[in-house]
Amino acid sequence: MEDFFQKIIELFTTPEYIDSLLHGFLLTLEISFFAIIIGFLLGTLIALIETAKKSKWLVIPKFICRVYTTIIRGTPMALQLFIMFFIIFAIRDFPELITAVLAFGLNSAAYTSEIIRGGILSVDKGQTEAGLALGLSRQTIFWKIVAPQAIKNIIPALGNEIITVIKETAIVSMVGMYDLNMAAKDIGSGQNMASYIVPMFTAALFYLATVYLITFFVRGVEKKLRKSDITG
Amino acid sequence: MVDEKILTIKNLKKNFKKHRVLRGIDFELSKGERVVVLGPSGSGKSTFLRCINRLEEPSAGEIYFHDNLITDKNIRAMREKIGMVFQHFNLISNLTVMENLTLAPVKLKLMSQEEAEKKARDLLRHIGLLEKADAFPASLSGGQKQRVAIIRAMMMEPEILLFDEPTSALDPESIGDVLALIRELADKGMTIIIVTHEMGFAKEIASKIIFIDEGKIIEEGTPKDFFNHPKTPRVQEFLEKVL
Chain A
1 MEDFFQKIIE LFTTPEYIDS LLHGFLLTLE ISFFAIIIGF LLGTLIALIE
51 TAKKSKWLVI PKFICRVYTT IIRGTPMALQ LFIMFFIIFA IRDFPELITA
101 VLAFGLNSAA YTSEIIRGGI LSVDKGQTEA GLALGLSRQT IFWKIVAPQA
151 IKNIIPALGN EIITVIKETA IVSMVGMYDL NMAAKDIGSG QNMASYIVPM
201 FTAALFYLAT VYLITFFVRG VEKKLRKSDI TG
Chain B
1 MVDEKILTIK NLKKNFKKHR VLRGIDFELS KGERVVVLGP SGSGKSTFLR
51 CINRLEEPSA GEIYFHDNLI TDKNIRAMRE KIGMVFQHFN LISNLTVMEN
101 LTLAPVKLKL MSQEEAEKKA RDLLRHIGLL EKADAFPASL SGGQKQRVAI
151 IRAMMMEPEI LLFDEPTSAL DPESIGDVLA LIRELADKGM TIIIVTHEMG
201 FAKEIASKII FIDEGKIIEE GTPKDFFNHP KTPRVQEFLE KVL
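Just so you know, the protein sequences line up as chains A and B, in that order. For the first sequence, the positions run 1 to 232 when this note's numbering is used. For the second sequence, the positions run 1 to 243 when this note's numbering is used.
Bear in mind the hints are in silico, worked out from the structure with no lab data behind them. If you're wondering where the values come from, they're calculated on a predicted model, not measured in any experiment. The beta carbon of each residue, even a glycine, is placed where N, CA and C say it ideally should be. Do not rely on the hints blindly, as some may be mistaken.
Restricting the straight-line Cα-Cα distance to at most 20 Å, the calculated cross-link-like pairs of lysine to aspartate or glutamate (EDC-like) are [unchecked claim]:
#1 A/185 - A/168
#2 B/132 - A/229
#3 A/54 - B/56
#4 B/208 - B/56
#5 A/144 - B/80
A few chain B residues that don't get close to chain A, going by computed Cβ distances all over 10 Å [unchecked claim]:
#6 71
#7 80
#8 225
Given these sequences and hints, build the entire structure.
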């Protein structure tokens with residue numbers, strides 16, 4: 001036990017260790033942040049194509065979206081990461097960060113598109129019909145009626161997806177990137193503290209705090225959006 | 001009154017996959033007419049109504065609004081003039097009552113925001129729901145929702161109002177309020193097509209009754225003739241069951 005406290009003190013008083021942890025944490029946040037943005041934008045685009053009214057112009061885009069989400073969701077994230085690193089972006093000096101962001105962003109897009117698609121489809125058809133019957137355009141109906149209602153259904157699942165991405169980025173240590181997970185392993189290794197327990201639990205706390213903060217934020221947004229549901 | 005045709009429907013057909021819901025409907029509607037559509041459930045009454053403003057795409061046939069053939073290209077302009085009231089009200093749940101009323105007329109540039117709000121307030125006051133202007137639909141009772149839905153359609157100053165079973169989702173107490181409002185519109189000369197199961201109301205309000213069975217109009221006439229001297233056995237059987 002005494003040893004344990006010793007290790008805690010050692011970790012938090014050795015500037016190199018703190019530095020490593022923070023560097024790792026920063027990389028985790030960077031990859032997650034940009035991946036989530038890409039995932040959201042591309043995911044929204046895919047969802048819009050998939051839920052758009054049937055037309056001959058959209059047959060091929062719809063097909064591509066289907067194939068894309070099927071492949072991404074049907075193969076392991078770690079394998080997708082390897083393919084990005086060792087095949088598609090196996091270019092000398094190509095920035096690792098961009099490769100990782102793309103790998104996670106493109107992966108997240110497939111899941112996000114399903115979340116958004118589900119959210120859009122969950123809006124009662126009668127809401128669209130009311131708009132149509134009044135002579136409103138499909139665009140107006142989407143932006144004024146469907147989207148605001150879909151968002152309410154989307155936010156909780158989207159929060160979940162954000163959390164998933166953040167934690168999943170831990171596998172970048174498999175391609176040698178120095179993220180929070182890798183930092184914990186490095187600090188705990190034989191050349192450094194020679195004990196994994198404290199750095200790994202510390203890393204866990206970092207992840208946990210981040211996820212907690214996001215959950216807290218998402219709950220707040222949910223609550224705000226639910227104001228039109230209040231009855232009586 | 002001059003017999004001004006508002007709607008002319010020729011050989012309207014609608015299939016859902018292999019199921020033939022409407023099998024050739026011919027129908028004319030003149031200004032000021034109040035047509036009640038009766039028929040057993042699944043006979044195609046609602047589909048008939050929904051084909052008129054193209055919430056369902058007809059499989060065959062022609063629908064003319066005045067002299068204009070309704071097509072996918074001009075349907076939006078037509079819909080401004082063809083109001084619809086739904087069984088399940090379909091008030092926009094993320095918008096307040098006031099926003100429900102003003103959204104379309106303002107978006108479609110029929111009125112300014114101020115004009116629309118004034119008109120909305122007048123109509124709300126008229127139905128006794130002015131204090132609900134800033135409430136969300138979820139806080140209204142069924143009858144209140146339906147009355148707001150009716151004045152939402154009226155905001156557009158339509159030439160026809162289509163009612164798709166407007167009281168079927170209501171508790172008995174609210175039905176009276178909603179029917180009273182429809183009756184009032186009828187008395188003011190509104191042209192109406194209404195699908196309903198309220199026989200008493202049908203008898204009282206209709207200038208013409210049409211009976212649809214298996215996707216065809218099998219009988220039509222004045223309420224008096226229809227209820228007192230039904231011609232076809234199918235209608236006689238129907239009336240025996242419901243009256």
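Hints, one by one, checked against the model:
For a cut-off of 20 Å, the pair hint linking residue 185 of chain A to residue 168 of chain A stands: about 16 Å separates their Cα positions. Distance hint between residue 132 of chain B and residue 229 of chain A is fulfilled; the C-alpha atoms sit about 15 Å from each other, no more than 20 Å. The straight-line distance between the Cα atoms of residue 54 of chain A and residue 56 of chain B is roughly 14 Å, inside the 20 Å bound, and the hint therefore holds. Restraint check for residue 208 of chain B and residue 56 of chain B: the C-alpha separation of about 24 Å exceeds 20 Å, so the hint is violated.
The hinted pair formed by residue 144 of chain A and residue 80 of chain B meets the criterion: a straight-line CA distance of about 18 Å does not exceed 20 Å. No Cβ of chain A comes within 10 Å of the Cβ of residue 71 of chain B; the nearest lies about 15 Å off, and the non-interface call holds. The beta carbon of residue 80 of chain B sits about 4 Å from the closest Cβ of chain A, which is not more than 10 Å, so the claim that it is off the interface is violated. Consistency note on residue 225 of chain B: stated as away from chain A, and its beta-carbon is indeed over 10 Å from all of that chain's, at 32 Å minimum.
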